[in-house]
Amino acid sequence: MIVGVPTETAAGERRVALVPEAVKTAAATGLEVCVQAGAGLEAGIDDAAYRSAGARVEPDAAAVWACDLVLKVQPPDAQEVERLREGAALIGFLQPLDQPGLAKRLAARNLTAFAMELMPRITRAQAMDALSSMSTIAGYRAVTLAAVALPKIFPMMVTAAGTIQPARVFVIGAGVAGLQAIATARRLGAVVEAYDTRPAVKEQVESLGARFVELDLDTGDAEDAGGYAKAQSEEFYQRQRAALGKRLQGSDVVITTALVPGQRAPLLIEEAAVRAMRAGSVIVDLAAEHQGNCACTDPERETVVHGVRIIPGINLPSQIPTNASQMYAKNLTTFLKHLAPEGELVVDLEDEITRGAMLTHQGAITNDRVKALAEGEGA
Numbered sequence: 000m001i002v003g004v005p006t007e008t009a010a011g012e013r014r015v016a017l018v019p020e021a022v023k024t025a026a027a028t029g030l031e032v033c034v035q036a037g038a039g040l041e042a043g044i045d046d047a048a049y050r051s052a053g054a055r056v057e058p059d060a061a062a063v064w065a066c067d068l069v070l071k072v073q074p075p076d077a078q079e080v081e082r083l084r085e086g087a088a089l090i091g092f093l094q095p096l097d098q099p100g101l102a103k104r105l106a107a108r109n110l111t112a113f114a115m116e117l118m119p120r121i122t123r124a125q126a127m128d129a130l131s132s133m134s135t136i137a138g139y140r141a142v143t144l145a146a147v148a149l150p151k152i153f154p155m156m157v158t159a160a161g162t163i164q165p166a167r168v169f170v171i172g173a174g175v176a177g178l179q180a181i182a183t184a185r186r187l188g189a190v191v192e193a194y195d196t197r198p199a200v201k202e203q204v205e206s207l208g209a210r211f212v213e214l215d216l217d218t219g220d221a222e223d224a225g226g227y228a229k230a231q232s233e234e235f236y237q238r239q240r241a242a243l244g245k246r247l248q249g250s251d252v253v254i255t256t257a258l259v260p261g262q263r264a265p266l267l268i269e270e271a272a273v274r275a276m277r278a279g280s281v282i283v284d285l286a287a288e289h290q291g292n293c294a295c296t297d298p299e300r301e302t303v304v305h306g307v308r309i310i311p312g313i314n315l316p317s318q319i320p321t322n323a324s325q326m327y328a329k330n331l332t333t334f335l336k337h338l339a340p341e342g343e344l345v346v347d348l349e350d351e352i353t354r355g356a357m358l359t360h361q362g363a364i365t366n367d368r369v370k371a372l373a374e375g376e377g378a
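Letter by letter, the sequence shown follows residues 0 to 378 of numbering that gives the first Met the number 0.
Treat the hints loosely; a few may be bogus.
[What the hints assert, rightly or not] With a straight-line Cα cutoff of 20 Å, these simulated SDA-like cross-link-like pairs (lysine to any residue) come out:
1. LYS103 with ALA87
2. LYS370 with THR353
3. LYS370 with VAL259
4. LYS103 with THR122
5. LYS370 with GLN262
6. LYS103 with LEU117
7. LYS201 with PHE211
8. LYS336 with ILE313
9. LYS23 with ALA48
Worth flagging that the hints you see were computed from the coordinates, not collected in a lab.
Remember, it's a predicted structure, so these values are computed and weren't measured experimentally.
Generate the whole structure from the sequences, applying the supplied hints.
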């Protein structure tokens with residue numbers, strides 16, 4: 000089976016689906032890899048590195064898109080879907096809950112498509128969990144962006160001119176991105192607090208040296224079966240916003256990471272709370288792509304509102320493309336070894352990983368939730 004790795008064309012995307020080390024891994028399982036010329040340049044990988052790893056570097060993009068299986072980072076656009084060979088396979092971030100129309104187009108071309116966002120959160124699939132890998136990068140990058148934007152230094156310093164107090168960082172949401180943000184801020188010397196609706200994460204937060212903030216809210220049903228935060232009632236969010244607003248007044252940096260899969264990000268910071276923050280404070284909103292956790296977030300640009308700098312955390316993994324590509328490629332090749340252990344795609348619908356990650360197969364959308372969204376979109 001020939002695996003194609005095209006150049007990513009989405010605006011601002013610098014990652015590549017496979018790195019040379021991953022090419023070697025794929026070749027060891029009997030897969031032939033075809034990489035579009037220049038596909039890895041933005042991630043610091045030249046064509047010679049791919050050739051040395053055993054890949055065929057193809058200057059003709061059409062030849063890459065015609066492969067048996069195409070590996071992507073971003074979802075294919077309408078033109079790229081048409082370039083895929085009918086009946087072929089596709090793996091990548093396909094944003095199935097945000098773009099159900101794409102699933103319809105993939106099914107119409109009889110493509111077997113796997114969305115990395117749908118990877119089941121089970122022990123066997125941990126090494127294939129690309130969402131967690133990219134969230135790790137995003138959490139780290141959010142803090143480094145904040146550190147540059149903040150007109151203060153992060154660590155405490157004792158100098159001849161006196162003692163400089165450490166920055167105070169507040170992380171909202173202690174999932175993978177939030178935990179990495181906590182760890183990074185602590186490594187930089189900040190005093191860190193964190194809040195999450197799921198009481199179960201308190202121990203993880205404290206193990207990283209941060210203080211877990213508990214609000215007087217009923218959070219007994221805050222986590223779904225997959226470990227993600229569940230959507231709450233509007234009354235809950237109103238009370239939460241009021242309580243969080245008071246906590247933000249003493250923070251220099253706020254990192255928001257709260258997302259509910261397939262839904263608008265919960266609004267956690269009202270404009271009044273931003274107005275009450277100290278001038279020069281920084282908010283990095285990792286939910287900006289889903290309308291944001293902060294009422295003042297502009298997903299298109301960095302802004303200053305009431306003296307507070309607000310940074311939209313859109314596609315932060317692409318800002319560190321070398322490591323992000325390495326991690327994503329490892330997730331992909333682990334999944335490839337599961338799907339094609341002998342060099343040919345095996346679609347075992349009885350397998351929990353295969354069935355869980357599958358989006359389309361044999362002309363149909365196979366994920367019930369996405370299918371319902373796609374049908375509703377066409378109504």
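Of the numbered hints stated earlier in the document, which are not met by this structure? 4, 8
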